[in-house]
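**Q** From just these sequences and the hints, can you work out the full model?
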Amino acid sequence: MPTDDRDALYQAIQAIESEIYVDRTVGNPQVKLAYQNLEVVSLPNLTRTETINRANNDIAYRYALAHLNPFVITGRESLYDDHNENGELELYDSITQVGEITQAYLEDRSAFLALLNQGNITGEPVPGEEVEFYDVARDIVACYDNYLQPPHRIYFGGDGDEALSGMSNRDRLYGGGGNDTLNGNAGDDYLEGNAGIDKLDGGVGNDELYGGSGDDARIHDSGLYGREGDDALYGEAGHDTLDGGAGRDLLVGGLGQDHLIGGDGIDNLYGDNRYFDEANNRYVLVGDGASIHFNSNLCIRTSQYSGNSL
Numbered sequence: 003m004p005t006d007d008r009d010a011l012y013q014a015i016q017a018i019e020s021e022i023y024v025d026r027t028v029g030n031p032q033v034k035l036a037y038q039n040l041e042v043v044s045l046p047n048l049t050r051t052e053t054i055n056r057a058n059n060d061i062a063y064r065y066a067l068a069h070l071n072p073f074v075i076t077g078r079e080s081l082y083d084d085h086n087e088n089g090e091l092e093l094y095d096s097i098t099q100v101g102e103i104t105q106a107y108l109e110d111r112s113a114f115l116a117l118l119n120q121g122n123i124t125g126e127p128v129p130g131e132e133v134e135f136y137d138v139a140r141d142i143v144a145c146y147d148n149y150l151q152p153p154h155r156i157y158f159g160g161d162g163d164e165a166l167s168g169m170s171n172r173d174r175l176y177g178g179g180g181n182d183t184l185n186g187n188a189g190d191d192y193l194e195g196n197a198g199i200d201k202l203d204g205g206v207g208n209d210e211l212y213g214g215s216g217d218d219a220r221i222h223d224s225g226l227y228g229r230e231g232d233d234a235l236y237g238e239a240g241h242d243t244l245d246g247g248a249g250r251d252l253l254v255g256g257l258g259q260d261h262l263i264g265g266d267g268i269d270n271l272y273g274d275n276r277y278f279d280e281a282n283n284r285y286v287l288v289g290d291g292a293s294i295h296f297n298s299n300l301c302i303r304t305s306q307y308s309g310n311s312l
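The opening residue of the sequence shown carries number 3 in this note's numbering; numbering runs sequentially from there.
The reader is advised that the hints may include incorrect statements.
Pairwise CB distance ranges, derived in the manner of DEER restraints [stated by the list, open to error]:
| id | residue 1 | residue 2 | range |
| --- | --- | --- | --- |
| 1 | V33 | I123 | 20 to 30 angstroms |
| 2 | R26 | D83 | 17 to 27 angstroms |
| 3 | N270 | L11 | 50 to 60 angstroms |
| 4 | H69 | V206 | 31 to 41 angstroms |
| 5 | Q38 | A14 | 29 to 39 angstroms |
| 6 | E87 | S170 | 32 to 42 angstroms |
| 7 | E41 | E92 | 14 to 24 angstroms |
| 8 | G29 | E126 | 36 to 46 angstroms |
| 9 | D141 | D9 | 19 to 29 angstroms |
Please keep in mind that the hints were generated in silico from the structure rather than gathered at the bench. We put the beta carbon where it would ideally sit given N, CA and C, even for glycine.
**A** See below:
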């Protein structure tokens, strides 16, 4: 709502009062039963560790972090149902591959919000690390005072189709919803595509890339994790670990000693100079010293494939 629209502000306040009170017009209004157990928690009063621990157990804290709210309303999880229709606020489970919010996201988002809160409370620049936080959807930027150039970028995309790029340091990029393009550039980077059909390129360095949910996440670099969807993972040079997760995936290890995990679905794996085709999975090995894992009851005599672990 516009900050200079006083009528709209009062109408919003009245709507909130009508929602939570039995009769907002009386002198001492009674709170409706559904809202009597609600508690408002001020996040600036918590440490980052406390915030993360609570976010691991309470959807209300995850909502506050996602929206960069300085407070949390707890006591009624159903308040957040409309904001979690597609599991946007669910923690990611590496076994079931369900959920969107990772531990890395919680750590980076809590650091972002803590810096915002500290700056808003003191009104002064906050000294600290060479880090620049940016929320694309909300157009919120936070950085420490007197940081050196270039800073470590920690960028968060929104629901649109966005292009996020790192610099030459250890950057961390989160695509969010939409079909995003993430480029880590130089440095040891961490990239999460999240929902949508994303393209991730770690660039030079030892990077960790997660495609997230959605089909055709196209990923380049070492330490690649496709999760749900039909993914294409390219390790290129170096000793890479590629995990396609659920879906129909293409994994290419390239040069180096690679570890390829197809996961559930009909997968194509390329990692050494041998070829193997079984059931609904095709494994084409074109690299040097690959180690292949897959989810099935297949029995293989490894003596037939010397130099590799299948």
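**Q** Hint by hint, note whether the structure agrees.
**A** Evaluated hints:
no.	hint	verdict
1	V33 <-> I123: 20 to 30 angstroms	29 angstroms, holds
2	R26 <-> D83: 17 to 27 angstroms	24 angstroms, holds
3	N270 <-> L11: 50 to 60 angstroms	58 angstroms, holds
4	H69 <-> V206: 31 to 41 angstroms	34 angstroms, holds
5	Q38 <-> A14: 29 to 39 angstroms	22 angstroms, violated
6	E87 <-> S170: 32 to 42 angstroms	39 angstroms, holds
7	E41 <-> E92: 14 to 24 angstroms	22 angstroms, holds
8	G29 <-> E126: 36 to 46 angstroms	42 angstroms, holds
9	D141 <-> D9: 19 to 29 angstroms	26 angstroms, holds
Hint 5 from the list above is the single one not met by this structure.
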